[in-house]
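All chains, full assembly: derive it from the sequences and hints.
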Amino acid sequence: MRGSLSASERHDRKRAEHKRYYAQTAFKYERRKWTEDEDKLVLIQRIPDRELSRIIKRSMKSISNRRWRLRKAASENKQTGLAGE
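According to my numbering, the sequence shown is numbered sequentially starting from 73.
These are computed hints drawn from the structure, not numbers from a lab.
What follows is a list of derived Cβ distance ranges for each label pair:
(1) S80 <-> N149: 38 to 44 angstroms
(2) E81 <-> L142: 33 to 39 angstroms
(3) N149 <-> K86: 30 to 36 angstroms
Glycine residues also receive a C-beta, built at the ideal position from the N, C-alpha and C atoms.
See below:
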């Protein structure tokens with residue numbers, strides 16, 4: 073049947089799309105420490121990551137990773153009762 077892909081082929085295609093998306097801004101900006109203002113912009117998600125990447129001069133992947141780390145830390149702090157510290 074035309075257009076049918078196996079699970080392996082779908083996975084490979086999805087992975088290739090993912091790599092192309094994040095490669096658009098990968099290695100474009102120098103490495104530096106995150107500021108509190110950048111963290112706030114990453115967490116509020118009012119604009120797409122592609123646009124935020126241009127504003128704060130960080131890759132889309134680094135923005136995605138930072139958002140995950142900030143949320144994970146907040147979740148862990150909430151569970152241990154260390155929220156706000």
